[in-house]
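Engineer: Since the structure of chain A is provided, determine the placement of chain B on it from the hints.
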Amino acid sequence: MSHGVDKVALAVFAALFLVVTVIGFLAARWRRAADLMHLDEWGLGGRSFGTFITWFLLGGDLYTAYTFIAVPALVFGAGAVGFFAVPYTVIVYPIIFVFLPRLWSVSHRHGYVTPADFVRGRFDSRALALAVAVTGILATMPYIALQLVGIQVVLETMGLSGDLPLIVAFAILAAYTYSSGLRAPALIAFVKDGLIYLVIAVAIIYIPHQVGGWAHIFSAASKKLATVNPKTGKPFGSLAIAPAGRWAYGSLALGSALALFMYPHCITAVLSTKDRNVVRRNAALLPAYSLVLGLIALLGYMAVAAGVKPAGGNAQLAVPELFNTMFPSWFAGVAYAAVGIGALVPAAIMAIAAANLFTRNVYREFLRPAASPAEEAHVSKIVSLVVKFGALVFVLGLDKSFAINLQLLGGIWILQTFPAIVFGLYTRWFHRHALLAGWAVAMIYGTRVAYGVPVPGKPHSHFGGPTAMVGLVHSKVYIALTAFVLNVLVGLVLTLAFRALKVPAGTDGTVVDDYIADAGEADVRDLPSLVEDAAAGSPARASAPEAPTSPNR
Amino acid sequence: MGGTGGDARVWTARAVVGVLLLVPCVALLWVPSYTRVKPQLFGFPFFYWYQLLWVLIGAACLSGAYVLTVWLERQRKAARR
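Note that the protein sequences, when read in sequence, are chains A and B.
Using my numbering, read the first sequence as starting at 1 and increasing by one per residue.
Using my numbering, read the second sequence as starting at 1001 and increasing by one per residue.
With the rest of the complex left out, here is chain B:
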């Protein structure tokens, strides 16, 4: 990307975007962390409600990443002018 490389806030935002995108992937690919039946929630075994919960967390992470990316693109466009 470039243009505003020296700006610490830009680099922090990029790092946060990276983490937000990585977290849901790592959580769900780490299969041994959730392949059990207990504790149950509303009758759902852990294996099921935990993964469904990650659908929501994943959506929240991506929304955060989206907001930051929009800000980053604005910075990039401003730097170009």
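If we strip away everything but chain A, and leave its shape as in the complex, we get:
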């Protein structure tokens, strides 16, 4: 960065960072359980969160630093296509309204901590559960890395270069996640959202006023988007989607919406709620964030109108540079803190979710079937550290030019667990081996196609974008969605084949009633025994939980 360290902005940033660090460590005492050394406590916050906390937790989880940096960066660079984040976050809620309550119910009856636990119980297949777990971990790693990129971008804008500040920020995050578990991000999410709402409210009133109004912002953007990109020989983009881009736009929205709640960290937040309706109520309340997201996306155009020229043409720096140009130093510091803290909350939840997957579906399933709840919690804590370290290596080692594409590659993978999880919530018609085959084919296909997409203007480069040509519709379509269709087709055909050949389908560990059970009904335990049932696949009528019962309910 050409300018030196902005001391005022840095001081404000550091002060706010310190506040959330303290909160992060104190969170261990919040809504305190008798014993944090149980995966339900460390990894799911005691499964006790109501509508209010869940709204903040999910909001902090879904709308991340990626939101603040990558979405407006895409709008800044390519125009209307970046706005797909809005339809995406509208249609995601009807989808989750339908299936998540069923996942909540069956998970509470059986003490499932991860989506792979459910797949294991439903389909009686260790291989399929492992596939779901590994996909979840694989998809989460770049997502955590993306949060790091977000922190790195604001640090750079403040004039702090080098890797050390990032490593320090992440070490702090790792330490309080280790000690407080899911309670830390839940509590920090309040601060994060407060800051984000403040910054956005100021930005959408103050900046348009400064640069000459909304009409001017859009006309400046229109002019810039119409100029020819020297790298590709085509215009940068347009204000509305061109006919050729319609399939890409719609499929990005749909594919991302279907994929979102397959991410382990989203499911973790859902399973931490105290009853079925908390999930539904939040589906109706969370669109408040989508509105904010739409406005954040438009920060990209504001950056155009304000004449921001990010260093090295790096679009990701557009929004931090915009804040730097438009705001006084102290408020720019607040805005940077909003992005930085906006990265910490999801990064913590993601690391916890990935750790839970490893512990439940790899460690206990394959390495130590007799692991006690305390041992599970211990392993999860260690793994959460390893996962974060892995993400750090990922960021320091890879090309960061378009953070959004990293996340989109994870999106391609994670969507392939949809048939096993969501179809599985409704029907057991699909054969376990067919689901596994569909998953494998789609994973290979999706990765291969994404690998083959060149960066615009650079032939023979790879992972250049989320969409690829599909002959059937003569348009570019989101690769995740194409792979998903292939996944389902393979699943359908092979199910028919396996059924005809009478390949054993395994035993269903769940019953119809499990999917509609609610808190307070028979057999829905507050603190399920993690030891007996998932492994045995038996209904959860097992003996008293081994873990100490929590005093606060």
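Please keep in mind that the hints were generated in silico from the structure rather than gathered at the bench.
The structure displayed is predicted, hence computed values, not measured ones.
Hints are supplied without guarantee of correctness; some may be wrong.
What the hints assert, rightly or not - Each computed DSBU-like pair below joins lysine-lysine, with the alpha-carbon atoms no more than 30 Å apart:
(1) B:Lys1038 to A:Lys274
(2) A:Lys224 to B:Lys1038
(3) A:Lys223 to B:Lys1038
(4) A:Lys309 to B:Lys1077
(5) A:Lys309 to A:Lys7
(6) A:Lys309 to A:Lys234
(7) A:Lys234 to A:Lys458
(8) A:Lys234 to B:Lys1038
(9) A:Lys309 to A:Lys458
(10) A:Lys7 to A:Lys224
Claimed, not checked - Quick list of simulated restraints, FRET-style, between CB atoms:
(11) A:Ala242 to B:Val1016: 32 to 38 Å
(12) B:Asp1007 to A:Val511: 20 to 26 Å
(13) A:Val511 to B:Val1019: 54 to 60 Å
(14) A:Val393 to B:Ala1015: 48 to 54 Å
(15) B:Arg1014 to A:Ala242: 35 to 41 Å
What the hints assert, rightly or not - Selected chain A positions facing chain B (Cβ under 7 Å, derived; list incomplete):
(16) Tyr93
(17) Pro94
(18) Gly212
(19) Ala215
(20) Ala244
(21) Leu260
(22) Ser290
(23) Gly294
Heads up, the beta-carbon is just placed ideally off N, CA and C, and yes, glycines get one too.
Structural biologist: Chain B in isolation, oriented as in the chain A frame:
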């Protein structure tokens, strides 16, 4: 679900919930219906304000679906007793 399958009001409520959930998805996935710049509103091209408007309509649809679902679950629990 079952238990109260014969009740016409229950089936109507379920159908309405289905429609409420489907409407925002169809509206926003029907991309050609809104990829234009005019008419503008407060300086916003149509493409942008229309989609932001659907965020609000979508939230209203889900609130309606929520109220009906709560009622449906109450019916289900009552029928079980």
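Engineer: Can you list which hints this structure breaks, lowest number first?
Structural biologist: Checked against the structure, the hints that fail are numbers 1, 4, 10, 13, 18, 20 and 21, while the rest are satisfied.
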